[in-house]
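Chain order of the listed sequences is A and B. Just so you know, the UniProt record's numbering puts 159 at position 159 of the first sequence, and the rest follows in order with no gaps. Just so you know, the UniProt record's numbering puts 86 at position 86 of the second sequence, and the rest follows in order with no gaps.
Hints listed in this document are in silico derivations from the structure and should not be mistaken for laboratory results. Among the hints, a few may not be true.
[What the hints assert, rightly or not] What follows is a set of in silico ranges between Cβ atoms, one per label pair, in the way DEER data are often shown: (1) A:R48 / B:S76: 36 to 42 angstroms; (2) B:V85 / A:E51: 42 to 48 angstroms; (3) A:E51 / B:K83: 44 to 50 angstroms; (4) B:S184 / A:I142: 37 to 43 angstroms; (5) A:K86 / B:A68: 36 to 42 angstroms.
[Unchecked claim] Computed from the model, here is a short list of chain A residues facing chain B with C-beta under 7 angstroms: (6) M1; (7) N7; (8) I10; (9) A13; (10) K14; (11) V62; (12) C65; (13) Q66; (14) L72; (15) R76; (16) A83; (17) K86.
Idealized CB from N, CA, C, for every residue including glycine.
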Amino acid sequence: MYGDLANKLILEAKRTQQLVNTNASSELPMFQEEMVHLILKEVSQLQRNAEFLKLQEEGGKVSKCQYFVTMLCMERNKRCLLAYEKVRSEVLASLAWEHNGMEFFSDITGKTQDSGNLSHYEQEYLKEYSQLVSDMKTGDLIDVDLSGSLTPPSDVFIDVRVLRDAGEIQTEYGVFNLIKGSQFFVRQADVERLIQQGYLQKL
Amino acid sequence: MGYYDVDEILAAGTKFSCKFNYDIPGLGYLEGNPGRQLNKNAKIELPLWLASVLAIVTGDQEHDDEEALPFVQFLSPEMFSSKVVNAIKSDAPTLDVHSISGQFYTLGIKWATLFSDVELAGVINKMLLERALEINRHASSVSVDAGVAPSDSTGTLLMTLDEFEKKLYKETHDTYRDAKLWLSRR
Numbered sequence: 001m002y003g004d005l006a007n008k009l010i011l012e013a014k015r016t017q018q019l020v021n022t023n024a025s026s027e028l029p030m031f032q033e034e035m036v037h038l039i040l041k042e043v044s045q046l047q048r049n050a051e052f053l054k055l056q057e058e059g060g061k062v063s064k065c066q067y068f069v070t071m072l073c074m075e076r077n078k079r080c081l082l083a084y085e086k087v088r089s090e091v092l093a094s095l096a097w098e099h100n101g102m103e104f105f106s107d108i109t110g111k112t113q114d115s116g117n118l119s120h121y122e123q124e125y126l127k128e129y130s131q132l133v134s135d136m137k138t139g140d141l142i143d144v145d146l147s148g149s150l151t152p153p154s155d156v157f158i159d160v161r162v163l164r165d166a167g168e169i170q171t172e173y174g175v176f177n178l179i180k181g182s183q184f185f186v187r188q189a190d191v192e193r194l195i196q197q198g199y200l201q202k203l
Numbered sequence: 001m002g003y004y005d006v007d008e009i010l011a012a013g014t015k016f017s018c019k020f021n022y023d024i025p026g027l028g029y030l031e032g033n034p035g036r037q038l039n040k041n042a043k044i045e046l047p048l049w050l051a052s053v054l055a056i057v058t059g060d061q062e063h064d065d066e067e068a069l070p071f072v073q074f075l076s077p078e079m080f081s082s083k084v085v086n087a088i089k090s091d092a093p094t095l096d097v098h099s100i101s102g103q104f105y106t107l108g109i110k111w112a113t114l115f116s117d118v119e120l121a122g123v124i125n126k127m128l129l130e131r132a133l134e135i136n137r138h139a140s141s142v143s144v145d146a147g148v149a150p151s152d153s154t155g156t157l158l159m160t161l162d163e164f165e166k167k168l169y170k171e172t173h174d175t176y177r178d179a180k181l182w183l184s185r186r
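Can you make the complete structure from the sequences, with help from the hints?
What follows is the structure in structure tokens.
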């Protein structure tokens, strides 16, 4: 009956939620384009039903009941679609905060490995949300790195080990020559970004 | 309990058996045979999101002396039958809630609200309290080393939790673990 498809979509949303909760860096699974399309088709069918019922309005409890059931089915479908999209958009927002806000704000494309899994609208949303984040950071609060690490700093200087070759990297505070396996004793504030990006490992 | 809450939506999709109070033509698809009318007193399984509204909305009064009946009437579900309530009363902590329903608490709250069922609310309240103690006991005995599987008794307990309790367990467990990690790294 109506609403069964939406149920499937919600199960998918639940799975997505669990996937994201268990390993934080996981990518978003594929957008269920076909299922969403089918649900939308069901909604338009329900809408035609509702309009038809309205035309042959003769009042009474029968048409009232039919109308109610139709409306409730539509409402249910709407709720499921919105919840599914909300789950995904929350993941996208956290992506925008955690990964797109790096040092030089290098271009967004390529940062999300799963951009193929996003629907067209979601890609647009992600782009615009990242823009909003960067706008906020370059506004009045420019002195604070809003997308920086949330763990409170405990040491001024730390030891780091290079995990990936990156050649010479110019940061705002100086030049590092990152050769795999080498170690540095540096100020934490300088290398925080490189740790986030996965070039360095804190010791 | 939000509009976008996935668990809540899943709970609202649970089917309950209901009885129709009127003949309604054109609604046969609820029963699985479209094109026919839905007969009065037909017993069908309806999801909660549909049934909870239809059980409140009333049809028109046919005669003035009669009270208007709602479109559908809930039949008392297996989930809250006296058998289950007795099982809860006797030994809540070892009860396998997950086998009754994955969304037991959410549905219990909805049901108790719908019918102002004070007794059921009391039973569930007490049950949650007793089980929460057990959950806390299991969640607090965490080992700091990552990759150590939970003990057997915890594993069996986890299988019997409903979705709400699983969330509770996970959050308690993570809190204890993080606190322990922080203390040991000082």
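Cross-check of the supplied hints:
For A:R48 paired with B:S76, a C-beta distance near 37 angstroms keeps the hint of 36 to 42 angstroms intact. Checked against the given bound of 42 to 48 angstroms, the beta carbons of B:V85 and A:E51, roughly 46 angstroms apart, stay inside it. Between A:E51 and B:K83 the C-beta distance comes to about 47 angstroms, which sits within the given range of 44 to 50 angstroms. Look at B:S184 against A:I142: about 38 angstroms separates their beta carbons, and that is inside 37 to 43 angstroms.
The hinted range of 36 to 42 angstroms is satisfied by A:K86 and B:A68, whose Cβ atoms lie roughly 38 angstroms apart. Residue-level restraint check for A:M1 holds (minimum Cβ-Cβ distance to chain B is 6 angstroms; threshold 7 angstroms). The restraint placing A:N7 at the interface with chain B holds, with a minimum CB-CB distance near 5 angstroms, inside the 7 angstroms limit. Hint on A:I10 holds. Least Cβ distance to chain B is approximately 5 angstroms, under the 7 angstroms limit.
Residue-level restraint check for A:A13 holds (minimum Cβ-Cβ distance to chain B is 5 angstroms; threshold 7 angstroms). Given the 7 angstroms rule on beta carbons, the hint for A:K14 holds: about 5 angstroms separates it from the nearest Cβ of chain B. Evaluation of the A:V62 hint against chain B yields a held restraint, the C-beta minimum of about 6 angstroms falling below 7 angstroms. Evaluation of the A:C65 hint against chain B yields a held restraint, the C-beta minimum of about 5 angstroms falling below 7 angstroms.
For A:Q66, the shortest C-beta to C-beta distance to chain B is roughly 5 angstroms, which falls under 7 angstroms, so the interface hint holds. At its closest, the beta carbon of A:L72 sits 5 angstroms from a beta carbon of chain B; the interface hint therefore holds under the 7 angstroms criterion. With a least beta-carbon distance of about 5 angstroms to chain B, the hint placing A:R76 at the interface is held under the 7 angstroms criterion. At a threshold of 7 angstroms, the smallest CB-CB gap from A:A83 to chain B is about 5 angstroms, leaving the interface hint in force.
For A:K86, the interface hint holds, the least distance from its beta-carbon to any beta-carbon of chain B being 5 angstroms, beneath 7 angstroms.
The structure agrees with every numbered hint stated previously.
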